[in-house]
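Undergrad: From first to last, the protein sequence lines stand for chains A and B. 85 is the number of the first residue of the first sequence in this note's numbering; add one for each residue after it. 85 is the number of the first residue of the second sequence in this note's numbering; add one for each residue after it.
Any given hint could be a false lead.
Treat identical chains as interchangeable: a pair holds within one or across any two.
[Unchecked claim] 20 Å max Cα-Cα, derived SDA-like pairs, lysine to any residue:
1) K266 <-> R305
2) K136 <-> H173
3) K266 <-> G339
4) K266 <-> E336
5) K266 <-> V340
Just so you know, these hints were derived from the structure itself, not from any lab.
Protein chains: 2
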Amino acid sequence: MCDVGPRDGFQFEDTFIPTDLKVDIISALADAGLPRIQVTSFVHPEWVPQMKDAKAVCERLPARDDVTYAGLVLNPKGLERAGAAGLSHVDLSIATHDQHSRDNANRTVEAAAAQAEEMVRRAHRQGLRVQMGFQTVFGYRAPGDTPLEQVVEMSRHFAQMDVASISLADSTGLANPRMIQKRVRAVQGGIGDTPLVLHLHDTRGLGLANVYAALQCGVDRFDTSLAGMGGCPFIEGATGNIATEDTAYLLEGLGVRTGVDRARVGAASRRIESFLGTQFPGKGHRLPPVSQPSGPSA
Amino acid sequence: MCDVGPRDGFQFEDTFIPTDLKVDIISALADAGLPRIQVTSFVHPEWVPQMKDAKAVCERLPARDDVTYAGLVLNPKGLERAGAAGLSHVDLSIATHDQHSRDNANRTVEAAAAQAEEMVRRAHRQGLRVQMGFQTVFGYRAPGDTPLEQVVEMSRHFAQMDVASISLADSTGLANPRMIQKRVRAVQGGIGDTPLVLHLHDTRGLGLANVYAALQCGVDRFDTSLAGMGGCPFIEGATGNIATEDTAYLLEGLGVRTGVDRARVGAASRRIESFLGTQFPGKGHRLPPVSQPSGPSA
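Bound conformation, chain A alone:
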């Protein structure tokens, strides 16, 4: 599991979260056993003021061998900043639906892919590991309106460039378990041994059903966010990523070892909720703790 809350969650908050608190939450997630944390994004501070302290956050991350810290980068300038901030892992992300690419980044998917290719080369020259992410893979305006062949071809192409992993995002939360299985299997067929990550949103409540469907295809890496923080820039009123605590509860119930201490994540969730004076849509962080039975499933 990779907690993307400090990036995908925090970025939707209007209230600036002080750098101290950001680092505290990231440290708490590391202490809770999250093996990977997306800690910030290197976007222009005028677009996302919440991320203006990206460098300061990175410089104050607790040194740990057992946690991968990654930063989101969307353009060459961001890549440069991520390297300068001392990160060794960067997450790139581009559109796969032409209209989405035009609406969101004012360019074609082809242009975005060409730039990403150049960025991957540059990152590799700098010794950075790259996760290549694709947005709205399961639909932009309607379920499945993103051309699957394009996603498969792009995944294959970047896998051949030796990226560390490929990430498929259901940015709009339109996926369903059947579509997950169909599209995941198609992409798996093209990327060989390159690890596949799913980045799912719980926009319509199907997030964990989609995790369950993906597990059946052998997917074993998921992005989550503490308390289900986050949103979607293209859908008014949309909720965020699948919640870290609830995903861990699902996985434990299925006998999958996560290494994640749900109670500790929950404490971090309540802390950020308390600071922001809000309630996020995740469930488990507000409930009394329950343990899964050890041994075979009941």
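Got chain A sorted already, so can you dock chain B onto it with the hints?
TA: Chain B alone, transformed into the frame defined by chain A:
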């Protein structure tokens, strides 16, 4: 799908919902294509003041051949009242976990089952159809702490009494897909052709993952509530049933015909939210409408 919101949802609201509005919501759900609606419960008005107008609600239900209206009854007095109110379908519900039975109804599971047996006989003599429901089938205090053999034996017993259906409730939202499949299959093995209903709560966000797992076992009847209204009397801060709109979205995405018009359900959800001045945890009713693609899944 059976919308239990007018009972399992409304009963958790402190503000009395006027009978007019209750009937309007039920009518809207019928118009939206819900084939079954649990419209009220016949409990003592001092315990659940929200349900004190049970008879008045029943007397004003729109006459429709295509909708089954059911009332929840928990004791012989309630059964008598349901019959007098003109209902033809009653939903009985008893505990399956001894401690839960003692905590909640101050009696053993054995005593509850004996009383239910007598009530089924009486209901059948009156020409009523009975759905026999079992509570906390997937755990009371911890996942799976309810003895499965007891659930299987009780299910078999009531199926032999020719009840219309058997319902298994995850009252505490502790189930996970693996437990769902194990327990559903065990119960299916004992009840022959008696239809099986799952009553799932989304307490920890796993509700729709559990629906998906149950579909794989051939379960095709689910209780839901508009907007995911509801709660759990035994868990402080727990959310309610799986949401009607989101369950329908999942089912449509899997190519299952529900006959439910999500937009119409959503309008009813927003109306009750507006009246109560709150937001329920379901997702789809607050989002712009999306249609599933017709034809094969994308």
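Undergrad: Now tell me if each hint is right for this structure.
TA: Consistency of the hints with the structure:
no.: 1; hint: K266 <-> R305; in the structure: within (17 Å within a copy, 25 Å between copies)
no.: 2; hint: K136 <-> H173; in the structure: within (19 Å within a copy, 61 Å between copies)
no.: 3; hint: K266 <-> G339; in the structure: between (24 Å within a copy, 14 Å between copies)
no.: 4; hint: K266 <-> E336; in the structure: between (25 Å within a copy, 16 Å between copies)
no.: 5; hint: K266 <-> V340; in the structure: between (23 Å within a copy, 17 Å between copies)
The structure shown violates none of the earlier numbered hints.
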